[in-house]
Amino acid sequence: MTAVLDVKGISKRFGGLAAVDNASFTVEEHTITSLIGPNGAGKTTAFNIVSGFLKPDFGKVTFAGQSIEHLEPHDIYRLGMARTFQDPRVFQEMSVLDNVMVGVRQKGETPFWAIVRGAEVNSQWKAARERAEKILESVGLLARANEAASALSFGEQRFLSIARALVGEPRIVLLDEPTVGLDRGTFGQLVELMKNLVSKERKTILLIEHNMDVVMSISDKVVLMMQGTTVASGTPAEVRSHRSMVEAYLGKRHVAASQ
Amino acid sequence: MEYFQHLLIMVLIYACLTVSLDLNIGHAGILSFGHASFYGIGAYTTAILTVYAGLDWFSAMVLAFATGAIIAALIGLPTLRLGGDYFILALFGFSLIVTSLIINMEWLTNGPFGIRGVPRPSIGPYQVQSGYGMLGFIAIMTAFIFFVHWRFASSPMKAALHAVRDDESVAMSLGINVVRTKITVFALGGGFAALCGAMGAFYFRFVSADSYGLQTIILLWAMLFVGGNCSLLGAFVGPAVLMLFPEMFRFIGGQGWDIGHIQEALYGLLLILLMMFRPQGLVGNKVGLRT
Ligand SMILES: Nc1ncnc2c1ncn2[C@@H]1O[C@H](COP(=O)(O)OP(=O)(O)O)[C@@H](O)[C@H]1O
Ligand SMILES: [Mg+2]
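Each protein sequence line maps, in turn, to chains L and S.
Counting along the first sequence from 1, when you hit position 199 you're at 186 in our numbering, and nothing is skipped either side.
For our numbering, add 2 to where a residue sits in the second sequence, where the first one is 1.
Since the hints were made in silico from the structure, they are not lab data.
One or more hints might be untrue.
[To be verified] Calculated cross-link-like contacts (lysine to any residue; reagent style SDA-like; alpha-carbon spacing at most 20 angstroms):
hint, chain 1, residue 1, chain 2, residue 2
1, S, K160, L, R92
2, L, K94, S, F154
3, S, K160, L, E120
4, S, K160, L, A135
5, L, K42, S, F154
6, L, K113, S, V180
7, S, K160, L, K42
8, L, K94, S, S124
9, L, K94, S, T81
10, L, K(-5), L, F40
Please take these sequences and the hints and turn them into a complete structure.
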């Protein structure tokens, strides 16, 4: 398996605080890699560095063989990496369909081609719409395509934000705590969706996830982050046996008791 | 009848200004306080090029558009990166500078006296004269400007602009070059405002600095919000209401009643009532203002 994403020694300070401190990990193609760790460990900051929203103070990020740590978010998206945010952040006033279609980059969005149009512009637009509808169907929101996004429940908005990130057919998608706030039914639906993305659509997922059952059941690889540093990495079983992991998630008492 | 023609022409020119301001404010969330200045820049460019340089009206009009767009891009480049409120202040400063430059660069602008004698447009041997000819010319220009803005608003450009307006970070995360998009839209707004300046210069045959200052900015914002954001119809309705509103008082009050002094107070009252009871404007598609 080749690493489609290679993060090497990234660091980021905010004032005196080292939010990310010499973190390294790789993500192999067609796998799910979970980034875990306690609140404030620097997982979201690492996402922001990888997706171009923050420039690292040190370190390298290589995506599909290309060094990207100096690139802007929009360039990185165009290379085939999409991300979601911790909150759904859907465009509230836009329709559900338009929300998804924003994720498709096309000729007709530039002023000149918007005026002139022509066959290519129109066919791109039509294709974007069809792709958006297909993805909305896969997340169960097609029936609500023409409603305002603000009419959706929190859980539905979360699915919409994921659909929006998928519509551009990214090679890798970064999901920041996608299961938080979902009820039991939609929770299972999302886990299924993630599994299918990798097994059927041949996507790659980098996931930040707090629910250990989800992490242990769907991850091919788990990366543990503590205080800005990646301290362990391996299969779910390997990381589970790691001492600091046990401390972080099961509490110090458990470690003391097991010694 | 002539007066009615005049009113109609004014409504059309303001409608064109409003629709291009709406491209900035309504669609892209760029709260431009410089629109009246680009309007003035277009008017002066047209007057200088036709009266002093003897250029034909069409070339002058194209160059007015280009000048407005280029100056807007140059101003937008450093200022659009600022936050919303700083951007408003920066553009406010810009509009003061433009007014001051127009008054003080006498060698180019004839200072406070303005420039007279802008020629009327002509097509072949046909010279557009006052009255219906001029109304026709302004109507054709209005149709063109509205056509372009309709194309913008009925293309994938609209969703991209609204994304930038509503959440810049999410827009970036979806591959939209936010800075470039904002500069492009701001330059287009500047260009179209300048084109309106050219239309005004051809109509009045006269340009002077006091038509493009703070009062005009406030009037344009009022027209946009009375009509409503993100609406081609609103860009007509706002100017129509605000232009015809004082006329109603003129007729009701009889000839002797000068409403000049209370006109602005009435505008203000109208705006307050509208924002309280109908924040989306009379026919707008977007609720209120967001920064
Ligand atoms: N933009 C920022 N400015 C200052 N401090 C920040 C910023 N973003 C994150 N931090 C801090 O960096 C640390 C790591 O945060 P974060 O990456 O959000 O952690 P996680 O996602 O693992 O919970 C936290 O202490 C947080 O308060
Ligand atoms: Mg986080």
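Checked hints:
1. Between the alpha carbons of K160 (chain S) and R92 (chain L) the distance comes to roughly 13 angstroms, so the proposed pair stays at or under 20 angstroms and holds.
2. About 13 angstroms separates the Cα atoms of K94 (chain L) and F154 (chain S), which keeps this hinted pair within 20 angstroms; it holds.
3. About 19 angstroms separates the Cα atoms of K160 (chain S) and E120 (chain L), which keeps this hinted pair within 20 angstroms; it holds.
4. Distance check on the hinted pair: K160 (chain S) and A135 (chain L) sit about 16 angstroms apart at the alpha-carbon level, within 20 angstroms; holds.
5. Distance hint between K42 (chain L) and F154 (chain S) is unfulfilled; the C-alpha atoms sit about 34 angstroms from each other, more than 20 angstroms.
6. Restraint check: the Cα-Cα separation between K113 (chain L) and V180 (chain S) comes to about 24 angstroms, which exceeds 20 angstroms; the hinted pair is violated.
7. Under the criterion of a C-alpha separation no larger than 20 angstroms, the hint pairing K160 (chain S) with K42 (chain L) is inconsistent with the structure, at around 30 angstroms.
8. Between K94 (chain L) and S124 (chain S) the CA atoms are separated by roughly 37 angstroms; this puts the pair beyond 20 angstroms, and the hint is violated.
9. Under the criterion of a C-alpha separation no larger than 20 angstroms, the hint pairing K94 (chain L) with T81 (chain S) is inconsistent with the structure, at around 27 angstroms.
10. Distance check on the hinted pair: K(-5) (chain L) and F40 (chain L) sit about 17 angstroms apart at the alpha-carbon level, within 20 angstroms; holds.
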